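Produce the entire structure from the sequences given, and follow the hints as far as they go.
4 protein chains.
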Amino acid sequence: MLIVMKKNATDHQIQVVVAAVEKKGYTARPIPGGDRVSIGILYNSGSVDAGHFLGFDGVKEVIPVTKPYKLVSREFRQENTQICVGEAVFGNGTMPVIAGPCAVESLDQVLAIAKAVKKAGAKLFRGGAFKPRTSPYSFQGLGQQGLEYLTRVREETGLPVVTEVMDVETFDMVEASADIIQIGTRNMQNFTLLRRAGKAKKPIILKRGMSAMLQEWLMAAEYIMEEGNANVILCERGVRTFVRHSRNTLDLSVVPAVKKESHLPVIVDPSHAAGVRDLVIPLACASAALGADGLMIEVHNHPEEALSDGGQSLYPDQFEQTMKKLTDIRTVIESS
Amino acid sequence: MLIVMKKNATDHQIQVVVAAVEKKGYTARPIPGGDRVSIGILYNSGSVDAGHFLGFDGVKEVIPVTKPYKLVSREFRQENTQICVGEAVFGNGTMPVIAGPCAVESLDQVLAIAKAVKKAGAKLFRGGAFKPRTSPYSFQGLGQQGLEYLTRVREETGLPVVTEVMDVETFDMVEASADIIQIGTRNMQNFTLLRRAGKAKKPIILKRGMSAMLQEWLMAAEYIMEEGNANVILCERGVRTFVRHSRNTLDLSVVPAVKKESHLPVIVDPSHAAGVRDLVIPLACASAALGADGLMIEVHNHPEEALSDGGQSLYPDQFEQTMKKLTDIRTVIESS
Amino acid sequence: MLIVMKKNATDHQIQVVVAAVEKKGYTARPIPGGDRVSIGILYNSGSVDAGHFLGFDGVKEVIPVTKPYKLVSREFRQENTQICVGEAVFGNGTMPVIAGPCAVESLDQVLAIAKAVKKAGAKLFRGGAFKPRTSPYSFQGLGQQGLEYLTRVREETGLPVVTEVMDVETFDMVEASADIIQIGTRNMQNFTLLRRAGKAKKPIILKRGMSAMLQEWLMAAEYIMEEGNANVILCERGVRTFVRHSRNTLDLSVVPAVKKESHLPVIVDPSHAAGVRDLVIPLACASAALGADGLMIEVHNHPEEALSDGGQSLYPDQFEQTMKKLTDIRTVIESS
Amino acid sequence: MLIVMKKNATDHQIQVVVAAVEKKGYTARPIPGGDRVSIGILYNSGSVDAGHFLGFDGVKEVIPVTKPYKLVSREFRQENTQICVGEAVFGNGTMPVIAGPCAVESLDQVLAIAKAVKKAGAKLFRGGAFKPRTSPYSFQGLGQQGLEYLTRVREETGLPVVTEVMDVETFDMVEASADIIQIGTRNMQNFTLLRRAGKAKKPIILKRGMSAMLQEWLMAAEYIMEEGNANVILCERGVRTFVRHSRNTLDLSVVPAVKKESHLPVIVDPSHAAGVRDLVIPLACASAALGADGLMIEVHNHPEEALSDGGQSLYPDQFEQTMKKLTDIRTVIESS
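Chains as they are written, first to last, in full-length UniProt numbering: chain A, 1 to 336; chain B, 1 to 336; chain C, 1 to 336; chain D, 1 to 336.
Derived from the structure by calculation, the hints contain no laboratory data. Warning: the hint list may mix true and false statements.
Note that the list lumps identical chains together, so a pair holds whenever it fits in one copy or between two copies.
[Claimed, not checked] Here are the simulated lysine to aspartate or glutamate pairs, DMTMM-like style, with alpha carbons at most 25 Å apart: (1) 7 x 79; (2) 23 x 334; (3) 325 x 175; (4) 199 x 169; (5) 202 x 169; (6) 60 x 216; (7) 67 x 305; (8) 260 x 309; (9) 260 x 227; (10) 325 x 169; (11) 67 x 278; (12) 324 x 334; (13) 260 x 278; (14) 199 x 75; (15) 118 x 216; (16) 324 x 175; (17) 260 x 317; (18) 260 x 320; (19) 67 x 309; (20) 199 x 261; (21) 119 x 57; (22) 67 x 320.
On a predicted model such as this, the values are computed, not experimentally measured, just so you know.
Pasting the structure below:
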């Protein structure tokens, strides 16, 4: 249930309502909006008596919420959530691009790629220090050293960095180094990790699970928000289907579908969906025209020697040309 | 196998090679290209002696073909196939839009919608006279009368019409009325119907099957081409997945993937993929930016009263605004 | 809607009700049950006044039907439909096995296999004369000659034969030769073919479509029943999923799910689901224990030389051992 | 690569080979078999010189391994792995049944259910103390108290207990209480958790991921084995497909397919696949006939009041009847 306060409700009135909610045994969570505050009621197992709260000073209306998710819902917060990192804003109608290699391999590699993608217009750098790999015998990432290289990237280029966290054990370390923390596809329902992410001070990119339904994905974001971290960016990266011409099937319709249900920004990762370089560029253009709140694209200076996912990484000059196309498409979209 | 003739090969030289192929018990199919002719060899069960044909006058080279499809393959024909209908060209880098209601319901309905979509820039009109319906108790289309209404649409608006054929029995009737004949998702592997379509004098739109892999789809097109009809337009319309936020999952990556494998034009139907109006416009924009060779969009003047698929049909004014957006996106794409 | 007659209702009373239904503009379809007759009302677009019919002599009750399918529904007919062909009964708790090669290749081949499978306990013989093939260049079946060989199989072994029909054009020919007519996966929603099957005098095996939902499959059966052919046997043969260890994913849970919704018998084809010989036997055993109303298993005397699907065909001695296992499992199931 | 020692190879000879492998910079892992020892070579990035090892005393042969997984592979170990817990053996041709409620709710509840399922023939008890739930607002399990109740179950009934672990933080606690530790579907690729499970002294049940391919599942098991825990039981529980008549699609063909590739036991959980009680019993029977190495079935004394997954839980008397059926089927299977 959602208690919507009047525009001119005072802090005191809000505190009184919060106290009343908690006295009933529920959890109250104030949600600041553009021009008024709402108060979400969590953990009510049965129905809550709406009339009870209507009588309080400063209360405008009480809205029953029928969705299984609450904090992520547009019913709770009508304006888009905007998340600012460096020069990038996710959720304000622009489309910041995050670019970089799948894995951090060496300092030279990340610096070279970071300079190239920055020049082409990328607003953030990505690179994996801890890599979830299907096989225990595959390259698992450089770990802490990889994080240090990312710090160097930030120092030398000014680009904020995005990197994946795989577990609670290494979360502090990743949080200290990253500007945005990514939770990967395989961990979308690692609820312990989600709860820890909810306590982080950095924004979270939450990738969609391999076969997650829209509602499950939003529920995973709810776990993070419920712990107090409101800065969640959702990332579509393709779902598993019977199809064999691409590694996963990029489900672009999920982007407008999520935006209808939720106020959170949604970005697209065409690289992991495609799995092959030739498909990445058209899918990036499609995502731009669709209205995605950002893109995440793999770029490698020597894809043929990459330790992970080289086949889907763009060459720096391909990326540069793609950025021009994306900018043009976006200009059209924003003006129409 | 493919025998590539020299640019200046004479008709006589081509005839000699064809005769030699057929003498071996195979079928020869000459494939005119931009500046030279190739000759496909069909029905060779085992390997064919390439050297045998290299010796003929006018033969430039002999290429073994490893794909299971032949006539549809880019190995057989490198240039894009271009299919011209009325003012529309599919396959030349433009993106003609086909628009209209799911089903023909009345003369007034189709005329009103046709005038609206023409004004907005649609190049062809669509409307089903014979409707494949999951339930025998659902509206099955107006049949022959529906075809007559479509003829009236062409007469009054000048728009060529696209309509679906469901069986061999009504094929002649549909072929006489339609400018492009559509074969629907459920019939993608109705091989008897495909063979009949191969004998038609009109272009065919071949929709992708509900769970067809790229190769199966191209093979279905091969059935049509193999009977002699080279004018096949492929249409992606979403595949069936676990997803529930859209009726089907629009698989946009199949468009560039098909274009790599085949010279045939590929268009996109976002309406059937989405199943709900709100998703159609962003998916149409995405398809435009991706480089689709055309779009097929459902438009209805009274969607709430439609006898079929009203919920996914755009209102005429929505369609008009969408067309402006699509034109802008296309201008950017074509110039970049 | 369903009008349930009293046990002792006379033919005259039934006729009066039928006439009254049709006078209202609906279609009445009497459905004989074990000890009473029900009358289904079809083509009522809106709601029908139940009270109107309750007043007639011999009427016990009037039941609104909420499912989109009617004639196939258990609400319409509570007892299992039993379909008798030769010594086999589908739907009475036994599990007749249909066995034979994917395609009829020669008279010697079918006679040899038919004798072997009959000896092992198969009750019907299967073999394709008309083959739907993904590629136009694959073996398409022997056609009419294949049907003649099947007739010889029946004459020499006494086994009824099952063979696939691909189109309306060849339906008469297939119907004349077959004891059961099969409609294949790719034609499950070929509605013209379904309607023709509804006019046939022979039972129909309706295979489930590649990605058909339970309701779509039952609706396809409804098309057949609605035209007057009540002898429909449903056949689960695997659905298309992301899985790669078997050709399709055998969805055994659909068997009890269908039996809850419908009175029609459901058989299982483990061969097409598996795609590899090693998986066929365990899946056949599983189907037997599950309560399937029959099995369809591919057997070939020289699988390595088969013109179609050899890799999934059992050797005759494997089939014989499997039949023993199946019989033992079935004995346990029936007695428990 | 796999080095197969002669039957009469001495411990010393084995040690010499191990030392030689490690000197080369690889990891050697001795794998005791029925009558001989093999030595697996791990972490060789490129090819290893087989000839080098052939010269050592006691070496019979050196086999290159082409599968991406090693320790789980039948190429590494030909005999079935047998895992003994209490009276149950997984992998020796019998089919122990694990039964109990989805979640531990109270001491009374678990004791009542445990006594009922023991009487019916279950060999192990299951019950979740830590529950992974899609929604943060759903019942999350009793946690440590739940584990204590499970300990009471073991003490009072003698049944070993199976319970799920969700993270590394609570692993020690779960390991101390459980006889078998379950890793759930959503954590199948939580690689940090898998590594911790690899250090556990208790057997692990590794449930298949929602859309995991056979190879990914075996790779997840490889993570566990690679850390030193050889007691891994794989559990099929249905995969996500477009189907809506069951919660997941039980993929029974994966059982024989896994057994061909791997020596690990494979059990089936029909309850989570079905999602509805009516489907559980036929799917359990099918699994028994298929040759599953065990079953995991949800049973609840008051399903209608269950805090989690009540709709798919059997009533105790249903379970008892099912156990009789399963025993009969198994008797037939084992004797044939």
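(Q) For residue 199 and residue 261, with the copy left unspecified, which applies at a CA distance of at most 25 Å: within, between, both, or neither? (A) The answer is within: 24 Å in one copy meets 25 Å, while 43 Å across copies does not.
Q | Same-copy or cross-copy closeness of residue 260 to residue 227 [CA-CA at most 25 Å] | A | within (23 Å within a copy, 44 Å between copies)
Q.
For residue 119 and residue 57, with the copy left unspecified, which applies at a CA distance of at most 25 Å: within, between, both, or neither?
A. neither (54 Å within a copy, 55 Å between copies)
**Q.** Copy assignment of residue 260 with residue 278, given that the CA separation must stay at most 25 Å
**A.** between (31 Å within a copy, 9 Å between copies)
Q: With 25 Å as the alpha-carbon cut-off, assign the pair residue 324 and residue 175 to within, between, both or neither.
A: For residue 324 and residue 175, the Cα distance exceeds 25 Å both inside one copy (32 Å) and across copies (45 Å).
Q.
At most 25 Å between CA atoms: does that hold for residue 325 and residue 175 within a copy, between copies, both, or neither?
A. Close neither inside one copy (33 Å) nor across copies (41 Å); limit 25 Å.
Q.
At most 25 Å between CA atoms: does that hold for residue 325 and residue 169 within a copy, between copies, both, or neither?
A. Answer is neither; intra-copy 41 Å and inter-copy 47 Å both fail.
Q. How do residue 260 and residue 320 come out at 25 Å by Cα distance, when the copy is not named: within, between, both, or neither?
A. between (32 Å within a copy, 23 Å between copies)
(Q) I want to check one pair: residue 23 and residue 334. Are their C-alpha atoms no more than 25 Å apart within a copy, between two copies, both, or neither? (A) For residue 23 and residue 334, neither the intra-copy (47 Å) nor the inter-copy (61 Å) Cα distance is at most 25 Å.
(Q) If the cut is 25 Å between Cα atoms, do residue 202 and residue 169 qualify within a copy, between copies, both or neither? (A) both (17 Å within a copy, 22 Å between copies)
Q: Tell me, please, which holds for residue 67 and residue 305 at an alpha-carbon limit of 25 Å: within, between, both or neither?
A: Intra 47 Å, inter 23 Å, cutoff 25 Å: inter-copy only.
Q. Is it within a copy, between copies, both, or neither that the alpha carbon of residue 67 lies no farther than 25 Å from that of residue 278?
A. Between copies only: 19 Å across, 39 Å inside.
Hints 2, 3, 6, 10, 15, 16, 21 and 22 from the list above are not met by this structure, while the remaining hints are.
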